[in-house]
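Throw the hints in and build the complete structure from the sequences for me.
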Amino acid sequence: MKTHCLHFALCVIALVGGFSGCSNADDEPDVAALRDEATLGVKDYVDSELQKLLKATEALQDAAPEPDADGWNAKDDEDAVADMRASWSDARDAYERVEGSIAVLFGELDVSTDERYDGFLEVEPDEDLFDDDGVTGMHAIERILWAGEHPKNVIDFESSLDGYQVAAFPKTEAEAEGFKMKLAQRLVDDVETMIEDFEPVALQPNTAFGGMIGSMAEQLEKVQLAATAGDESRYAQRTLDDMRANLEGGEAVYEAFRPWILEASGEEVDEKISAGFSKLAAAYAKNKGPAIPPVPATFDPLEPSDDDLKTDYGKLYKLLTDETDVDEPDSLLHVMTEAADAMGIELIEE
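Residues 22 to 371 (the working numbering) are what the sequence shown spells out, left to right.
Don't read these hints as lab results, they were simulated from the structure.
Glycine residues also receive a C-beta, built at the ideal position from the N, C-alpha and C atoms.
Accuracy of the hints is not assured; some may be wrong.
[What the hints assert, rightly or not] Dumping the calculated BS3-like pairs for lysine-lysine here, alpha-carbon to alpha-carbon at most 27 Å:
{"#": "1", "residue 1": "LYS331", "residue 2": "LYS173"}
{"#": "2", "residue 1": "LYS293", "residue 2": "LYS336"}
{"#": "3", "residue 1": "LYS293", "residue 2": "LYS331"}
{"#": "4", "residue 1": "LYS173", "residue 2": "LYS307"}
{"#": "5", "residue 1": "LYS293", "residue 2": "LYS307"}
{"#": "6", "residue 1": "LYS76", "residue 2": "LYS64"}
{"#": "7", "residue 1": "LYS307", "residue 2": "LYS336"}
{"#": "8", "residue 1": "LYS73", "residue 2": "LYS309"}
{"#": "9", "residue 1": "LYS300", "residue 2": "LYS331"}
{"#": "10", "residue 1": "LYS76", "residue 2": "LYS203"}
{"#": "11", "residue 1": "LYS173", "residue 2": "LYS192"}
{"#": "12", "residue 1": "LYS307", "residue 2": "LYS331"}
{"#": "13", "residue 1": "LYS192", "residue 2": "LYS96"}
{"#": "14", "residue 1": "LYS203", "residue 2": "LYS96"}
{"#": "15", "residue 1": "LYS309", "residue 2": "LYS331"}
{"#": "16", "residue 1": "LYS203", "residue 2": "LYS73"}
{"#": "17", "residue 1": "LYS309", "residue 2": "LYS293"}
{"#": "18", "residue 1": "LYS173", "residue 2": "LYS336"}
{"#": "19", "residue 1": "LYS309", "residue 2": "LYS339"}
{"#": "20", "residue 1": "LYS203", "residue 2": "LYS192"}
{"#": "21", "residue 1": "LYS336", "residue 2": "LYS300"}
{"#": "22", "residue 1": "LYS309", "residue 2": "LYS173"}
{"#": "23", "residue 1": "LYS309", "residue 2": "LYS336"}
{"#": "24", "residue 1": "LYS64", "residue 2": "LYS293"}
{"#": "25", "residue 1": "LYS173", "residue 2": "LYS339"}
{"#": "26", "residue 1": "LYS307", "residue 2": "LYS339"}
{"#": "27", "residue 1": "LYS300", "residue 2": "LYS339"}
{"#": "28", "residue 1": "LYS293", "residue 2": "LYS339"}
[As the list claims (entries may be wrong)] With beta-carbon atoms standing in for the labels, derived distance ranges:
{"#": "29", "residue 1": "ALA189", "residue 2": "LEU323", "range": "35 to 45 Å"}
{"#": "30", "residue 1": "LYS203", "residue 2": "ASP104", "range": "12 to 22 Å"}
{"#": "31", "residue 1": "SER326", "residue 2": "ALA303", "range": "22 to 32 Å"}
{"#": "32", "residue 1": "LYS307", "residue 2": "LYS73", "range": "25 to 35 Å"}
{"#": "33", "residue 1": "SER181", "residue 2": "ASP104", "range": "32 to 42 Å"}
{"#": "34", "residue 1": "LYS192", "residue 2": "ASP218", "range": "30 to 40 Å"}
{"#": "35", "residue 1": "ASP154", "residue 2": "VAL187", "range": "13 to 23 Å"}
{"#": "36", "residue 1": "LEU182", "residue 2": "ASP104", "range": "22 to 32 Å"}
{"#": "37", "residue 1": "PRO221", "residue 2": "ALA363", "range": "21 to 31 Å"}
Here it is, written out as structure tokens:
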């Protein structure tokens, strides 16, 4: 199933209430104002990205070829497939920027939208690649759009799963109709539901800030899963782009909280968090292209060798291992949790 943060699992206390710093008559006016500024800033940001997500998912569905007797494929429908892939990537960026908030607020929608193929198969097999039940969401669509181009290690990984079905383009009119009006429509419907459900939410600091921490912690998980070909955007080979978008979202949420953090924790904590973001951004920028760097064949995540840690993958793995170690006083995750404590935001570690 879809998990968030193998190294540091985090859940948030309550969506509304259950926060030790919620407004009351004894609050200092400046703290209350900083808190409201932070949560409203995050609310506006998530709203904006969800609208981008909806626009991209609708464009993807619109770009799907009209169903005909032989379905469609990458050769005969080259332009349509290119348009769908581009819209899918736009949707992926928008979703990854707000994944921390969506996963915390709407767990079931996060699964139907963003679960990996293997996670779905752990629940039940799905013999129909093109319907709106079972395996759904962005990765179900990705798996079809890049059919025939999946890396060998991805095929080797997935073909060992119970219930595995070979990825393919629609070969019949019924399959093409299913892709456009069921699978793609389900994604559009789920995003519309996110927007509708998010509109009345009175976003709380523990939800907003805790979701950001969870999303940052998940950066390591994404890299770890690449070693087994189980990373998220494995068919399009753009999981590093997912991580870049995650980071952008984290920086946007942090920027909304920054005035409050400066008030509660001071400039030193702010500088440490900003430096942590900068380190990750620099590492992601150094690795060109959308994919996580190739994993050395000899890589052992329990005891990686010095030589393997000198590779591009090893450097990324080491950096994220260090920065998401909540017990390491200088790590990004540790400083973030300290900032949460200083603001009175209660987080629960699992």
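Here's how the hints hold up against the structure:
no.: 1; hint: LYS331 - LYS173; in the structure: holds (25 Å)
no.: 2; hint: LYS293 - LYS336; in the structure: holds (20 Å)
no.: 3; hint: LYS293 - LYS331; in the structure: holds (25 Å)
no.: 4; hint: LYS173 - LYS307; in the structure: holds (26 Å)
no.: 5; hint: LYS293 - LYS307; in the structure: holds (21 Å)
no.: 6; hint: LYS76 - LYS64; in the structure: holds (19 Å)
no.: 7; hint: LYS307 - LYS336; in the structure: holds (11 Å)
no.: 8; hint: LYS73 - LYS309; in the structure: holds (25 Å)
no.: 9; hint: LYS300 - LYS331; in the structure: holds (17 Å)
no.: 10; hint: LYS76 - LYS203; in the structure: holds (18 Å)
no.: 11; hint: LYS173 - LYS192; in the structure: holds (23 Å)
no.: 12; hint: LYS307 - LYS331; in the structure: holds (14 Å)
no.: 13; hint: LYS192 - LYS96; in the structure: holds (13 Å)
no.: 14; hint: LYS203 - LYS96; in the structure: holds (23 Å)
no.: 15; hint: LYS309 - LYS331; in the structure: holds (17 Å)
no.: 16; hint: LYS203 - LYS73; in the structure: holds (21 Å)
no.: 17; hint: LYS309 - LYS293; in the structure: holds (26 Å)
no.: 18; hint: LYS173 - LYS336; in the structure: holds (24 Å)
no.: 19; hint: LYS309 - LYS339; in the structure: holds (18 Å)
no.: 20; hint: LYS203 - LYS192; in the structure: holds (16 Å)
no.: 21; hint: LYS336 - LYS300; in the structure: holds (12 Å)
no.: 22; hint: LYS309 - LYS173; in the structure: holds (22 Å)
no.: 23; hint: LYS309 - LYS336; in the structure: holds (14 Å)
no.: 24; hint: LYS64 - LYS293; in the structure: holds (25 Å)
no.: 25; hint: LYS173 - LYS339; in the structure: holds (26 Å)
no.: 26; hint: LYS307 - LYS339; in the structure: holds (15 Å)
no.: 27; hint: LYS300 - LYS339; in the structure: holds (12 Å)
no.: 28; hint: LYS293 - LYS339; in the structure: holds (19 Å)
no.: 29; hint: ALA189 - LEU323: 35 to 45 Å; in the structure: holds (37 Å)
no.: 30; hint: LYS203 - ASP104: 12 to 22 Å; in the structure: holds (20 Å)
no.: 31; hint: SER326 - ALA303: 22 to 32 Å; in the structure: holds (24 Å)
no.: 32; hint: LYS307 - LYS73: 25 to 35 Å; in the structure: holds (27 Å)
no.: 33; hint: SER181 - ASP104: 32 to 42 Å; in the structure: holds (33 Å)
no.: 34; hint: LYS192 - ASP218: 30 to 40 Å; in the structure: holds (36 Å)
no.: 35; hint: ASP154 - VAL187: 13 to 23 Å; in the structure: holds (19 Å)
no.: 36; hint: LEU182 - ASP104: 22 to 32 Å; in the structure: holds (30 Å)
no.: 37; hint: PRO221 - ALA363: 21 to 31 Å; in the structure: holds (30 Å)
In terms of the numbered hints stated before, the structure departs from none.
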